[in-house]
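Student: Sequence:
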Amino acid sequence: QDPELEDACVQSLLEGNMLRLQILHAMHGLYGKDIERALALKEIPSSFQWIPVIASAYNHAFNSGNKRAGLWGLTRAQADKENIARSIYVDERMLPHVSTRAAIDILDRLQRRFPMNPERVLVGFFKGMPFASRWSGKPGYDQALDEWLSFYRVVARFMVNLDSPEFEAQWGEVLTEWESIACPGEFNRAGLKAVLNMTEDVQKQLLPWWTHETMPCDTFDEFQPFVPKNWSETWNNNLENLANWDENPDLEPPVPHTTTESKKQVASPSRSLPCTEHEVKKGDTLYNISKRFPGTTPEQIAATNGIDTVIKIGQTLCIPRAE
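Under this note's numbering, the residue at position 73 of the sequence shown is numbered 73, and the numbers go up by one with no gaps.
Any given hint might turn out to be false.
As the list claims (entries may be wrong) - Simulated crosslink set (EDC-like; lysine to aspartate or glutamate; CA at most 20 Å straight-line): (1) Lys-281 <-> Glu-222; (2) Lys-33 <-> Glu-4; (3) Lys-204 <-> Glu-179; (4) Lys-127 <-> Asp-146; (5) Lys-33 <-> Glu-43; (6) Lys-138 <-> Glu-119; (7) Lys-193 <-> Glu-119; (8) Lys-229 <-> Glu-240; (9) Lys-312 <-> Glu-277; (10) Lys-127 <-> Asp-108; (11) Lys-138 <-> Asp-7; (12) Lys-193 <-> Glu-177; (13) Lys-193 <-> Asp-146; (14) Lys-229 <-> Glu-213; (15) Lys-81 <-> Asp-108; (16) Lys-138 <-> Glu-4; (17) Lys-193 <-> Asp-142; (18) Lys-67 <-> Glu-82; (19) Lys-229 <-> Glu-177; (20) Lys-33 <-> Asp-105; (21) Lys-204 <-> Asp-221; (22) Lys-193 <-> Asp-246; (23) Lys-229 <-> Asp-201; (24) Lys-42 <-> Asp-105; (25) Lys-291 <-> Glu-277; (26) Lys-67 <-> Asp-80; (27) Lys-291 <-> Glu-222; (28) Lys-138 <-> Glu-43; (29) Lys-204 <-> Glu-222; (30) Lys-127 <-> Asp-105; (31) Lys-281 <-> Glu-233; (32) Lys-33 <-> Glu-6; (33) Lys-229 <-> Asp-246; (34) Lys-33 <-> Asp-108; (35) Lys-127 <-> Asp-80; (36) Lys-42 <-> Glu-119.
Stated by the list, open to error - Derived DEER-like restraints, expressed as beta-carbon distance ranges: (37) Asp-218 <-> Ser-12: 41 to 47 Å; (38) Asp-218 <-> Gln-143: 31 to 37 Å; (39) Asp-108 <-> Arg-76: 52 to 58 Å; (40) Val-280 <-> Leu-239: 16 to 22 Å.
Rather than coming from a laboratory, the hints here were simulated on the basis of the structure.
The beta carbon of each residue, even a glycine, is placed where N, CA and C say it ideally should be.
Given the sequences, and given the hints that come with them, work out the whole structure.
Tutor: Here it is in structure tokens:
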């Protein structure tokens, strides 16, 4: 143990009124009980439940490129050994229950290889069994490992002793409001961003197992995706727009349907250009709004109104008039 290193870890968790620690504790409410039960079934010490804190900060969509991914930060080699499905379209390491099942199997094997030696089991999980076998068990053998173990000890100590409300019930309430979404036909990431204002970061959090640019319906339907209610409503209200979306900007826009938008001419908030006022309604996106006003684009409407990615129901937008 290195007291100075552990003290630095403590300070990083206490910084900003313990914000990092509070976030980790809240995320533990989402995954903690399931992990504890899975460990108990295999008679693995509960102290290993904190591995996801270090591996991914409880981020099921974690992906370090070609190295580790998912809640438990599993490597590709670990995934292959555990028969976790990976293809051009999907990587099931991003599914929390799949990642947890595989991680428990790995810890079980390591525990049988290193009985009564939990620290070496921990090292084996992250560095592999051969490394754990030759590890000296003393600081200095591997600097990165020393830092990792120090942080793990500190996190485990704080997570166990932190006096904070449990979040499991709150997560249960939130997740009951998630709803299924239908496949509109083969779609892609650019279409989700253009039609739904769904950024790639949001896509990765809500559909973490999807790793390709496109998604066919047979693969999509296998996973039966559920997303938060606000996203499910926007998604399912725009199935036709998603199905018809095309990156080709030269395509003629569809004839706009009759709307009840106000035709009052107002000045653009960001430019001195005349524009038409439109009140955002349920299911609206920049994409389908632009289709109601031929000659405009989602990007143009966003720039005119100073919008980054999100529009809100009841918000008034200024739609530039085509020249």
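Student: Next step is simple, just say for each hint if it's right about the structure.
Tutor: We went through each hint and held it up to the structure:
Our distance criterion of 20 Å between C-alpha atoms is broken by Lys-281 and Glu-222, whose separation comes to about 32 Å. Annotation: proposed proximity of Lys-33 to Glu-4 is violated, straight-line Cα distance about 33 Å (limit 20 Å). Taken as a hint, the Lys-204 and Glu-179 pair is honoured in the structure, with Cα atoms around 17 Å apart against an allowance of 20 Å. Distance check on the hinted pair: Lys-127 and Asp-146 sit about 12 Å apart at the alpha-carbon level, within 20 Å; holds.
Simply put, Lys-33 and Glu-43 have alpha-carbon atoms about 15 Å apart, close enough for the 20 Å limit, and the pair holds. The hinted pair formed by Lys-138 and Glu-119 meets the criterion: a straight-line CA distance of about 11 Å does not exceed 20 Å. Distance check on the hinted pair: Lys-193 and Glu-119 sit about 45 Å apart at the alpha-carbon level, beyond 20 Å; violated. Note on Lys-229 and Glu-240: the hinted pairing holds, with a Cα-Cα distance of about 19 Å set against a maximum of 20 Å.
Between the alpha carbons of Lys-312 and Glu-277 the distance comes to roughly 15 Å, so the proposed pair stays at or under 20 Å and holds. Distance hint between Lys-127 and Asp-108 is fulfilled; the C-alpha atoms sit about 16 Å from each other, no more than 20 Å. Only pairs whose Cα atoms come within 20 Å are accepted, and Lys-138 paired with Asp-7 is accepted, the gap being roughly 18 Å. With a CA separation close to 23 Å, the supplied pair Lys-193 and Glu-177 exceeds the 20 Å bound.
A hinted pair counts as satisfied when its Cα atoms are at most 20 Å apart, and Lys-193 with Asp-146 does not qualify at roughly 42 Å. At roughly 24 Å between alpha-carbon atoms, Lys-229 and Glu-213 are farther apart than 20 Å, so this suggested pair is violated. The straight-line distance between the Cα atoms of Lys-81 and Asp-108 is roughly 14 Å, inside the 20 Å bound, and the hint therefore holds. About 16 Å separates the Cα atoms of Lys-138 and Glu-4, which keeps this hinted pair within 20 Å; it holds.
With a CA separation close to 43 Å, the supplied pair Lys-193 and Asp-142 exceeds the 20 Å bound. Restraint check for Lys-67 and Glu-82: satisfied, since their Cα atoms lie roughly 16 Å apart, inside the 20 Å limit. The straight-line distance between the Cα atoms of Lys-229 and Glu-177 is roughly 6 Å, inside the 20 Å bound, and the hint therefore holds. In summary, the hint linking Lys-33 to Asp-105 is supported, as the alpha carbons are separated by about 18 Å, within the 20 Å threshold.
Of the supplied pair hints, the one linking Lys-204 and Asp-221 holds, its CA atoms being roughly 17 Å apart against a limit of 20 Å. Taken as a hint, the Lys-193 and Asp-246 pair is honoured in the structure, with Cα atoms around 12 Å apart against an allowance of 20 Å. The straight-line distance between the Cα atoms of Lys-229 and Asp-201 is roughly 18 Å, inside the 20 Å bound, and the hint therefore holds. Our distance criterion of 20 Å between C-alpha atoms is met by Lys-42 and Asp-105, whose separation comes to about 8 Å.
Distance check on the hinted pair: Lys-291 and Glu-277 sit about 15 Å apart at the alpha-carbon level, within 20 Å; holds. Restraint check for Lys-67 and Asp-80: satisfied, since their Cα atoms lie roughly 13 Å apart, inside the 20 Å limit. Among the hinted pairs, Lys-291 with Glu-222 is inconsistent with the structure: their alpha-carbon atoms are about 32 Å apart, more than 20 Å. Note on Lys-138 and Glu-43: the hinted pairing is violated, with a Cα-Cα distance of about 27 Å set against a maximum of 20 Å.
For the suggested pair Lys-204 and Glu-222, the alpha carbons sit about 17 Å apart, so the restraint of at most 20 Å is met. Distance hint between Lys-127 and Asp-105 is fulfilled; the C-alpha atoms sit about 16 Å from each other, no more than 20 Å. Our distance criterion of 20 Å between C-alpha atoms is met by Lys-281 and Glu-233, whose separation comes to about 12 Å. The straight-line distance between the Cα atoms of Lys-33 and Glu-6 is roughly 27 Å, outside the 20 Å bound, and the hint therefore fails.
For the given pair, Lys-229 sits about 26 Å from Asp-246 by alpha-carbon distance, which is inconsistent with the 20 Å threshold. For the suggested pair Lys-33 and Asp-108, the alpha carbons sit about 18 Å apart, so the restraint of at most 20 Å is met. At roughly 16 Å between alpha-carbon atoms, Lys-127 and Asp-80 fall within 20 Å of each other, so this suggested pair holds. Distance check on the hinted pair: Lys-42 and Glu-119 sit about 18 Å apart at the alpha-carbon level, within 20 Å; holds.
Hint check: Asp-218 to Ser-12, Cβ distance near 45 Å, so the stated range 41 to 47 Å holds. Restraint check, Asp-218 to Gln-143: a C-beta distance of roughly 47 Å breaks the suggested window 31 to 37 Å. A hinted range of 52 to 58 Å is violated for the C-beta pair Asp-108 and Arg-76, which are about 20 Å apart. At roughly 19 Å, the beta carbons of Val-280 and Leu-239 sit within the given window of 16 to 22 Å.
Checked against the numbered hints given earlier, this structure breaks hints 1, 2, 7, 12, 13, 14, 17, 27, 28, 32, 33, 38, 39; the rest are met.
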